[in-house]
Amino acid sequence: MPSTSAAIPCAALQRFYEMIGTIEISEPFTKEKFASLRAGQKVLLSGTLYTARDQAHQKLAVALLEGKDPPFNLRGALIYYCGPTATPPGKAVGSCGPTTSSRMDAFAPLFLQQGIAGAIGKGKRSARVRKAFRQHKAVYFLTYAGCGALLSGYVKKKKRIAYPELGPEAVYAFEVKDFPLIVAFDLQGRSVYDKG
Amino acid sequence: MRTIDARTIEQAVASLCRQANTVLRPDVLSALKHAYLNEINPAAKDILEAVIKNASVARREGLALCQDTGLPCVFVEAGQEVAFVGDITKAINRGIAAGYRKGYLRNSIVRNPLVRGRSVFTPAIVHFDIVRGSTVKLTVLPKGFGCENKSRLKMFLPTAPLDEINDFIVNAVKEAGPDACPPYIVGVGIGGTADYAALLAKKALLLKVTRSQGHRVTRMTEKLERDLEARINKLDIGPMGLGGRSTVLAVRILTYPTHIAGLPVAVNISCHSLRSASAVL
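Just so you know, the protein sequences line up as chains A and B, in that order. So for the first sequence, numbering that gives the first Met the number 0 puts the first residue at 0; every next one is plus one. So for the second sequence, numbering that gives the first Met the number 0 puts the first residue at 0; every next one is plus one.
Any given hint might turn out to be false.
[Said to hold, decoys possible] Distance condition first, Cα-Cα at most 27 Å in a straight line; then the derived BS3-like pairs of lysine-lysine:
id, chain 1, residue 1, chain 2, residue 2
1, A, Lys176, B, Lys52
2, A, Lys155, B, Lys52
3, A, Lys90, B, Lys101
4, A, Lys67, A, Lys176
5, A, Lys156, A, Lys58
6, B, Lys173, B, Lys136
7, A, Lys194, B, Lys233
8, B, Lys173, A, Lys130
9, A, Lys123, A, Lys58
10, A, Lys41, B, Lys52
11, B, Lys233, A, Lys41
12, A, Lys90, A, Lys194
13, A, Lys176, A, Lys90
14, B, Lys101, B, Lys173
15, B, Lys136, B, Lys207
16, B, Lys173, A, Lys41
17, A, Lys136, A, Lys194
18, A, Lys194, B, Lys173
19, B, Lys101, A, Lys156
20, B, Lys173, A, Lys123
21, A, Lys157, A, Lys130
22, A, Lys155, B, Lys101
23, B, Lys52, A, Lys157
24, B, Lys153, B, Lys101
25, A, Lys123, B, Lys153
26, B, Lys101, A, Lys157
27, B, Lys222, A, Lys194
28, A, Lys41, B, Lys32
29, A, Lys156, A, Lys176
30, B, Lys233, A, Lys123
31, A, Lys30, A, Lys90
32, A, Lys90, A, Lys157
33, A, Lys90, A, Lys32
34, A, Lys157, A, Lys67
35, A, Lys136, A, Lys90
Keep in mind the hints are simulated off the structure, nothing from the lab. The model shown is predicted, which means the values in this text are computed figures rather than measured ones.
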């Protein structure tokens, strides 16, 4: 059971939840739109997300390093670290929550160089990756971790884009409506994990 | 002697896979609701609310609680007066494959850990225990790997002070940080051998996370559990690492006799979506 001792809540988050409220953002995901976001802020996002996790990252990285065109336009794209379950009949998508972002840390700077607008996952990133997000003016978002069933309700369409042989690790385009996110790294270099 | 057909085992396992992955354990749900009520951090409360809602959506729509439907761990407690007809391990894996396929659960297993390649549904990790009696208890624990990756094992000196062991367990949670989906359930195995301590840590996740029913532990381990829960919940990691009182829902410890020269301690962390389901045949 949780302790009853008083913990110090993250001040930035508290400010957000009590005063700033939720922001709605839709495509295109431009730096201008993202500039106003603050770490700790809740965002309801509509538009296209591209899923990619470990194996898709590796394949995309190899393609980029060999000078080949990636299977979708990375510029302005939002990458979702997610490997969904199969889609049950009558649904747009199966369970589809975020996976641990840090496993993608080795690849993230390369993707950021290619101009992705941001990434969505769960958990902390390395210092190098945090710096790369700031340098390339991209946003790192969190979404409700371990809530794949709930999040499936915000995905209206799923389309396979690349690497079908990877099964759940293939790249899928998700058309999302009001997909709930929390800003983890904003364009000013603030992080939701900095307590204060 | 009672006989149980492999086909019966297969069907039972298939049904347990779907149950475990779509219906959150009532004790875990109850602990989450308690954590929600006890939480004052607004972000933590918001996230816990989403986690509780997720459980009701999953149950209502028959959807997987989490897209990581885990590496299925199967525990078989086979009564010694039961004779199995057919290949039981094969039957278990067939049941896993059928349950996962029909339940639209994720194929998250690669056959070769080094070559990787196409992911499939099986094999499960199967543990057999021979027990007294003429029944068979089957438990399916689909273990997500975000949290399995945070497992720790340390061989302590037999003279190690308890504080050192406590620090090791607390540090395992600190190192997991927000990555493995807190609030966690921390399984701890103390004693035995290196491999056995790791198994105990995993089995500790099968104990009820709510204490009201009383689980079979000594007074000493229960005190340890309570002390660790209090210490870990002061770390201010909280749901998704955004702070709060709810970093663990419970710590559960299993112990076993060990060698005079050693003191193995294993930690197996579960995310808030601790899923398991059992049936007695």
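| query | Under the criterion that the straight-line Cα-Cα distance not exceed 27 Å, is the pair lysine 101 of chain B, lysine 156 of chain A satisfied? | reply | The hint holds at about 22 Å.
| field | Given pair status - lysine 207 of chain B, lysine 136 of chain B, alpha carbons within 27 Å | value | holds (17 Å)
| message | Just to be careful, I want the Cα atoms of lysine 194 of chain A and lysine 233 of chain B compared with a cutoff of 27 Å; is the pair within it? | response | holds (14 Å)
| Pair hint outcome, lysine 155 of chain A versus lysine 101 of chain B [Cα-Cα no greater than 27 Å] | The hint holds at about 23 Å.
| Hinted pair lysine 123 of chain A and lysine 58 of chain A, Cα distance within 27 Å | holds (23 Å)
| query | Regarding the pair lysine 67 of chain A and lysine 176 of chain A, is the alpha-carbon distance no greater than 27 Å? | reply | Cα-Cα ~32 Å, so violated.
| query | Between lysine 156 of chain A and lysine 176 of chain A, is the straight-line Cα distance small enough, at 27 Å or below? | reply | OK: lysine 156 of chain A and lysine 176 of chain A at ~10 Å, within 27 Å.
| task | Verify the proposed pairing of lysine 157 of chain A with lysine 67 of chain A, using a straight-line Cα cut of 27 Å. | result | holds (25 Å)
| message | What's the verdict on lysine 41 of chain A and lysine 52 of chain B, does the C-alpha distance respect the 27 Å limit or exceed it? | response | holds (18 Å)
| field | Straight-line alpha-carbon gap lysine 90 of chain A to lysine 157 of chain A, limit 27 Å | value | holds (10 Å)
| said: Please verify whether lysine 30 of chain A and lysine 90 of chain A have alpha carbons no more than 27 Å apart. | reply: Between lysine 30 of chain A and lysine 90 of chain A the Cα gap is close to 33 Å, so the pair fails against 27 Å, i.e. violated.
| field | Pair hint lysine 136 of chain A and lysine 194 of chain A, alpha-carbon separation not exceeding 27 Å | value | holds (22 Å)
Hints 4, 6, 12, 14, 21, 24, 27, 31, 33 and 35 from the earlier list are contradicted by this structure; the remaining hints agree with it.
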